[in-house]
Amino acid sequence: MRFTISPCTAQGDTVFLIYDEAGEVRYRVTRSKKPAGAVLLLTDSQGTAAAKIKQRVFPPIIRYGISPAEGKNLSVTLRISGNGIPQQLVLGGVTWHFRGDLVARNFDVIDVDSSVLLSHQKCWKDRMDCFAVEIRQPAFEVPLLCVCLCVDLTTEGDINAVVAIN
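Just so we're on the same page, the working numbering is the position in the sequence shown counted from 1, plus 207.
Errors might be hidden in some of the hints.
Unchecked claim - Cross-link-like lysine-lysine pairs, in silico, DSS-like; alpha carbons within 30 Å at most:
| # | residue 1 | residue 2 |
| --- | --- | --- |
| 1 | K240 | K332 |
| 2 | K329 | K240 |
| 3 | K329 | K279 |
| 4 | K259 | K332 |
| 5 | K332 | K261 |
| 6 | K259 | K240 |
| 7 | K279 | K240 |
| 8 | K241 | K259 |
Derived by calculation from the structure, the hints in this document are not laboratory data.
Could you build the full structure based on these sequences and the hints that come with them?
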């Protein structure tokens with residue numbers, strides 16, 4: 208299954224729209240900021256919650272707790288350099304591993320048997336950056352999209368803004 212994750216630049220709490228192969232909005236991602244991070248809600252096209260992502264910032268670490276509506280919880284931990292550049296990503300609660308380039312946003316999520324579960328890369332759509340995602344295991348669609356969102360949310364601007372508050 209192929210998806211496009213597009214940042215939402217309009218005013219409001221929507222930060223990403225996720226489109227399916229037909230160009231239809233499959234998911235919407237909203238964010239509410241908290242003192243030490245944020246809470247993201249992934250809802251499907253019917254408005255039903257598919258997952259909740261809790262972001263906690265403890266410089267130089269950003270930790271995301273992912274709670275899918277169905278399935279088990281997992282975590283994403285990002286280590287950030289002093290100048291706000293993501294350096295390392297660790298997945299917890301699953302047998303998956305990260306492989307690729309955090310800064311370029313070109314990466315794969317692979318399983319313990321080295322099979323590729325997800326491929327993610329930067330792309331261009333409607334005169335703005337977006338992210339092309341291919342999920343090869345449909346059963347893990349929601350948690351894998353959440354992993355993508357954690358990486359895509361962690362832009363240099365977001366990191367520096369959050370770190371400056373703490």
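Tested hints:
A C-alpha spacing of about 27 Å is found between K240 and K332, which places the hinted pair at or below 30 Å, so the restraint holds. A threshold of 30 Å between alpha carbons decides the hint, and for K329 with K240 the separation of about 25 Å falls inside it, so the pair holds. At roughly 28 Å between alpha-carbon atoms, K329 and K279 fall within 30 Å of each other, so this suggested pair holds. Note on K259 and K332: the hinted pairing holds, with a Cα-Cα distance of about 27 Å set against a maximum of 30 Å.
A hinted pair counts as satisfied when its Cα atoms are at most 30 Å apart, and K332 with K261 qualifies at roughly 28 Å. With a C-alpha separation of about 13 Å, the suggested pair K259 and K240 falls inside the 30 Å cut-off, and the hint holds. Between the alpha carbons of K279 and K240 the distance comes to roughly 24 Å, so the proposed pair stays at or under 30 Å and holds. For the hint linking K241 to K259, the alpha-carbon distance of about 14 Å falls within 30 Å, and the restraint holds.
When each numbered hint is compared with the structure, no violation occurs for any of them.
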